[in-house]
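Engineer: Sequence:
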Amino acid sequence: MSPGPRLSRDERRERILSAAARVFAASGYDAAGMREVATAAGISTPVLYDHFPSKARLYAGLLESEVDSLLAGWEGLPTSGSVEELLRSRVAAIFAWMETNERGWRMIFAETPSDPAVAETHRRGQARATGQLTEVFARVPGLALTADLPRERANEALAEAAKSALNAIATWWWSNRDIPREQVVALTADLLWRGLGALFQEENE
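The opening residue of the sequence shown carries number 2 in the numbering used here; numbering runs sequentially from there.
Simulated from the structure, these hints should not be mistaken for laboratory data.
Glycine included, each C-beta is placed from N, C-alpha and C at the ideal position.
Please note that the accuracy of each hint is not assured.
Claimed, not checked - What follows is a set of in silico ranges between Cβ atoms, one per label pair, in the way DEER data are often shown:
| # | residue 1 | residue 2 | range |
| --- | --- | --- | --- |
| 1 | Asn-168 | Ser-81 | 23 to 29 angstroms |
| 2 | Gly-132 | Ala-32 | 30 to 36 angstroms |
| 3 | Ser-19 | Ser-81 | 34 to 40 angstroms |
| 4 | Arg-7 | Arg-140 | 46 to 52 angstroms |
| 5 | Ser-9 | Glu-76 | 20 to 26 angstroms |
| 6 | Ala-145 | Asp-31 | 46 to 52 angstroms |
| 7 | Ala-139 | Ser-115 | 15 to 21 angstroms |
| 8 | Gly-74 | Asp-11 | 17 to 23 angstroms |
Input sequences plus hints: build the corresponding full structure.
Structural biologist: So this is what it looks like as structure tokens:
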């Protein structure tokens, strides 16, 4: 059998991440071994270590690719409209992604990273999500706040609060799969909008 075409470094990395995802899903992080991942990827263990020097770095790379996939789904969403429409569209996109990507759902929302390298990747992914939501709040002409905060800091704080609520419901849904996605989206959007809607009274008046 003739060898297949030579893969570029990026293509080989993607093959490794795909194989790692299958191995971690089957064996769990603690039980999975680098040799097992290398075999699944069709490469030698030294080649695997050339791309990822440790299992933690490999898992962190996989986690980062899942965060990229989740946030990429926001790129085609509308950037204009009412704040309620902007929030609901993003909530709907997030939960739709979860429903078709159980691995990413588990890694981002249902697992607590303990390894420092994985935890740092998780933190960066959460910070990116906060940044995306902050941009939504920045589009609001005015906020009816009693707190005397600079607008930029208020936007970030509200985005962090909205993201925390969304994370909590995503984690809850992991253990309550009998609830249809549409109902989870409605519940989350209602929670966020009814909690935040009063702050946007200047926009709505």
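Engineer: Could you run down the list of hints and mark each one as holding or not?
Structural biologist: Results of checking the hints against the structure:
{"no.": "1", "hint": "Asn-168 x Ser-81: 23 to 29 angstroms", "verdict": "holds, 26 angstroms"}
{"no.": "2", "hint": "Gly-132 x Ala-32: 30 to 36 angstroms", "verdict": "holds, 35 angstroms"}
{"no.": "3", "hint": "Ser-19 x Ser-81: 34 to 40 angstroms", "verdict": "holds, 37 angstroms"}
{"no.": "4", "hint": "Arg-7 x Arg-140: 46 to 52 angstroms", "verdict": "holds, 47 angstroms"}
{"no.": "5", "hint": "Ser-9 x Glu-76: 20 to 26 angstroms", "verdict": "holds, 25 angstroms"}
{"no.": "6", "hint": "Ala-145 x Asp-31: 46 to 52 angstroms", "verdict": "holds, 49 angstroms"}
{"no.": "7", "hint": "Ala-139 x Ser-115: 15 to 21 angstroms", "verdict": "violated, 34 angstroms"}
{"no.": "8", "hint": "Gly-74 x Asp-11: 17 to 23 angstroms", "verdict": "holds, 22 angstroms"}
Comparing the model with each earlier hint shows a violation of hint 7 alone; every other hint is respected.
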